[in-house]
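Here is how the chains run, residue by residue.
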Amino acid sequence: MSVILDNLPALLIALPILGAILCPVISRISDNVRNGWVLLISALTSLTCLAVAEKVFAQGALVYTFGISAINQVIPPDSGGIPVRIIFVIDQMNAFMLVIAAIVGFCITVYSISGISRLSGKDGFYTLLMLLTAGVIGMISTGDLFNFFVFLEISSLSGAALVAYRVDKGVAAEAGLKYGALSTLGGLMFLVGIGLLFVQYNSLNIAVLASRIQLTNLDIIAFVLLFTALAMKCGAVPMHFWTPDSYSMAPSGVTAFLVVSSQASLYGLFRICFTLFGAQINPLTIGWVIIVLGVLSMFIGVTMAIPQKDVKRLMAYHAVSQTGYMLLGVGVGLAALSNMNMFESAGMMALTGGIFHIMNHALYKGLLFLTAGVIFFRCGTRNLNQLGGLGHNMKWTMIFFMIGALAIAGIPPFNGFASKLLIYESTFIFNPVLSVIAMVVSILTLASFVKVFHSMFMGPVLPEYSEVKEAPKPMLIAMGILAFLVILFGIFPQQVIDFMVTPAATALVNYPGYIHAVLGGV
Amino acid sequence: MIDNLPYFVVAITIILGIYTILIRKDLIKIIMGLSIIESGVNLFLITIGYRWEGVAPIYTNAPSLQMVMPTVQALTLTSIVIGVATEALMLSMVMLIWRHYKTKDVRKATKLQG
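From first to last, the protein sequence lines stand for chains A and B.
For the first sequence, the tail end lands on 678 under our numbering, and the numbers increase by one without skipping.
For the second sequence, the tail end lands on 766 under our numbering, and the numbers increase by one without skipping.
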């Protein structure tokens with residue numbers, strides 16, 4: 157038993173990869189056995205994530221080295237002070253991201269059991285889904301830049317294949333190709349950046365690099381390459397054009413997890429800014445770059461969302477807009493680091509708000525995409541002009557949609573309000589204009605979702621949808637879990653912040669702590 | 653100067669790849685452009701890993717602690733494998749697009765807009 161507990165971080169990616177490889181074999185037996193296998197692996201992976209996160213929140217950062225006999229021997233004695241093996245570093249920030257991946261990962265697996273029941277090639281779908289999970293969890297927990305690149309590519313490739321899964325007369329293949337090509341380009345930029353860092357400091361380990369980095373000209377080029385690649389992968393505005401295509405064409409369960417995959421890239425972006433270059437960059441400049449990206453994403457995302465006719469495309473633009481809030485919060489936190497008084501009054505609160513918003517966004521946006529998926533599943537269209545009157549037959553779906561829509565607009569008893577309030581308050585101290593923009597975007601978001609709600613659920617029953625039934629049970633369960641958490645985090649935000657978010661924000665700012673956790677006293 | 657020659661080749665290869673992506677309108681040629689960039693990046697990785705007069709890390713013959721760390725070579729192998737997978741996946745998507753749209757021109761394969 158203690159062997160398993162000691163090696164939990166390895167199980168984080170070993171379980172989904174094992175599940176993925178065995179899935180096509182098990183599919184040969186029968187559909188039900190395969191569904192059981194997928195659910196089992198997904199539940200075990202999520203439990204492992206939660207167990208690791210619980211351990212980290214209780215005991216502090218966890219460093220796991222692959223391929224050694226003694227657990228604590230991170231730096232081999234004959235290596236000259238460099239951790240030569242692949243290591244996983246899980247501090248409070250990583251643990252926070254793991255919790256998100258665990259919750260959403262399990263919900264979308266349950267959802268997909270009935271969500272793709274009418275499509276063919278299910279064994280391939282589940283294999284890719286588990287590979288995507290492995291990629292995302294690997295990106296979150298690795299402590300090595302090259303390893304990060306490998307997991308980034310695993311998640312991009314399986315993500316692109318999943319986007320193209322419902323070929324849909326070639327349209328989904330087009331979206332998948334766009335996603336795949338852009339991810340590859342981003343990945344190659346990332347690889348060049350890694351090469352530039354490796355040639356100067358002879359290491360790929362984030363902690364070793366962070367302790368040695370000098371900010372030479374090559375480092376600045378590397379920083380720009382890494383930053384751009386990750387900003388593209390998380391869908392910040394000048395590089396957002398792949399998001400609406402791939403989010404709207406992917407099966408809905410997958411879309412909900414692609415949101416988490418973008419957020420893993422967002423985490424990578426923050427790790428690069430705060431930890432890898434934490435000691436060297438000018439926080440004010442980089443902070444403002446992130447703030448500008450955030451404000452652009454917020455505003456352009458929401459204005460592009462308003463005229464959309466396709467409900468998932470509309471939600472995808474809202475996802476871009478919400479990513480803007482996270483960038484804004486964390487950007488203000490980084491910019492405020494240049495001035496200690498400012499950091500204590502506004503920076504920490506902004507950082508907490510931005511990080512809390514990552515979790516809230518994953519929950520309510522996942523919920524919204526899942527409700528959109530139910531409507532597509534039952535009605536066969538996502539066009540808002542053709543839908544109407546669904547509230548009579550799909551009461552639960554309507555309630556879940558309302559919860560998600562109110563949360564994304566930041567209405568009080570739901571979780572979106574809790575994190576948005578933190579962002580408003582702190583950005584108001586930092587710079588009032590930013591806070592006004594953030595509120596205006598929130599109002600536009602509400603307006604847009606009122607329109608969607610009205611055109612989908614309200615009005616008389618349309619004749620073509622008079623026979624529409626409520627969503628199947630697995631879908632309702634998945635949406636129910638997410639909706640419950642949205643309300644729970646909205647009613648008790650302070651407990652969540654104290655338990656998870658503040659430690660995560662502190663760990664993100666504290667780059668010497670990260671270096672110390674890996675290199676020990678060196 | 654002669655030491656830096658590989659870097660010039662890297663730069664030329666990557667620029668050629670970017671040029672291909674930007675100028676060509678054929679989906680297959682765009683993927684070829686990506687592949688050219690990838691070759692450039694792989695060459696870059698191999699170049700930075702080369703140490704003049706280094707000792708290959710073959711444990712039976714090399715004096716201990718004076719070997720070259722083969723990290724970069726390992727990275728390049730990984731990156732080549734990833735590249736093969738990426739290109740196979742993207743070419744199969746182009747195949748699907750061709751089957752349904754009867755075109756592989758980027759200007760015509762644009763059903764997703766707005």
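I should point out that these hints are in silico values taken from the structure, not numbers from a laboratory.
Fair warning: there could be bad hints in the mix.
What the hints assert, rightly or not - Distance condition first, Cα-Cα at most 20 Å in a straight line; then the derived EDC-like pairs of lysine to aspartate or glutamate:
id, chain 1, residue 1, chain 2, residue 2
1, B, K763, A, D466
2, B, K754, A, D466
3, A, K325, B, D655
4, B, K756, A, D466
Unchecked claim - Simulated coverage check for chain B against chain A, where a stretch passes if three residues somewhere in it have a Cβ under 8 Å from a Cβ of chain A:
id, stretch
5, 653-660
6, 669-683
7, 696-705
8, 730-744
9, 747-761
A quick note: this is a predicted structure, and the numbers were derived from the prediction, not measured.
Every residue gets a Cβ at the ideal spot worked out from N, C-alpha and C, and that includes glycine.
Structure-based check of all given hints:
1. K763(B) <-> D466(A): 13 Å, holds
2. K754(B) <-> D466(A): 25 Å, violated
3. K325(A) <-> D655(B): Outside the cut-off at roughly 52 Å; violated.
4. K756(B) <-> D466(A): 25 Å, violated
5. 653-660: violated (count 0)
6. 669-683: Per the Cβ count (4), the hint holds.
7. 696-705: holds (count 3)
8. 730-744: Coverage by chain A holds for the stretch 730-744 of chain B (7 residues, Cβ < 8 Å).
9. 747-761: Since three or more residues must qualify, the claim that chain A covers the stretch 747-761 of chain B holds, with 6 doing so at under 8 Å.
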